[in-house]
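**Student:** Residue strings, one per chain:
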Amino acid sequence: EAQVTQNPRYLITVTGKKLTVTCSQNMNHEYMSWYRQDPGLGLRQIYYSMNVEVTDKGDVPEGYKVSRKEKRNFPLILESPSPNQTSLYFCASSLSGTPYNEQFFGPGTRLTVL
Amino acid sequence: AQKITQTQPGMFVQEKEAVTLDCTYDTSDPSYGLFWYKQPSSGEMIFLIYQGSYDQQNATEGRYSLNFQKARKSANLVISASQLGDSAMYFCAMRVPTGANNLFFGTGTRLTVIP
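These protein sequences, in sequence, are chains P and H.
Going by this note's numbering, the first residue of the first sequence is number -11, and it counts up by one from there.
Going by this note's numbering, the first residue of the second sequence is number 30, and it counts up by one from there.
Calculated directly from the structure, the hints in this document are not laboratory data.
Predicted model, so just to flag it, every value in this text is computed and none were measured.
Heads up, a few of these hints could be off.
[Said to hold, decoys possible] Incomplete in silico selection of chain H near chain P, CB under 8 Å:
1) Val42
2) Glu73
3) Gly81
[As the list claims (entries may be wrong)] Chain P residues, not near chain H, derived (Cβ > 12 Å throughout):
4) Val2
5) Glu50
6) Gly51
7) Asn72
8) Leu76
Glycine included, every Cβ here is placed at the ideal spot set by N, Cα and C.
Generate the whole structure from the sequences, applying the supplied hints.
**Tutor:** Put into structure tokens, the structure is as follows:
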């Protein structure tokens, strides 16, 4: 089944404890992206990747890191999480970076930072 | 700058009736894609339908159709024969060929289907 998977689905952690949210897609998509969704603010892009070893900042990159060593994986790293990073996180992928491809979303990761 | 506007925070529809969710967009780029996503209470983001800026015909996917009026910059979603499972948040989104190629989302419309 073609899909985007994220792990973990739920995570409660404490301020400053490094964490990684994994994202993997099995559709051979070139483009991958991370979003966060917050009430009243909608979905905002954190980082994106046009292809392997090519990553760039989105609208809200502060406090996050990403890497794209393989085409299928695009992990999101929070080196020192803070409570303002409590949010619902989505990984998404699309065939390419053109406007004509839909982005498929993972199931979401609900992160709480205490 | 790109912008998506959804003016209906909430909508109610009777089961089996049709409903239209409004979306207007703004971009100066001639090439863009318009998308609708459904987010049920469980949280996942489900792709519903896509319309390209150069498409001549309105997109349809099963009970979903997109009423694309390019001159008015509107891309309304029509759901026919509403079902209880259609109750969810619906997001209109636009993708343009900027460097980020990200999706610009509207604020969403919460649809409630009444039995």
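**Student:** If a hint holds in the structure, say so; if it does not, say that too.
**Tutor:** We went through each hint and held it up to the structure:
no. : hint  : verdict
1   : Val42 : violated, 23 Å
2   : Glu73 : holds, 5 Å
3   : Gly81 : holds, 5 Å
4   : Val2  : holds, 23 Å
5   : Glu50 : holds, 16 Å
6   : Gly51 : holds, 18 Å
7   : Asn72 : holds, 20 Å
8   : Leu76 : violated, 6 Å
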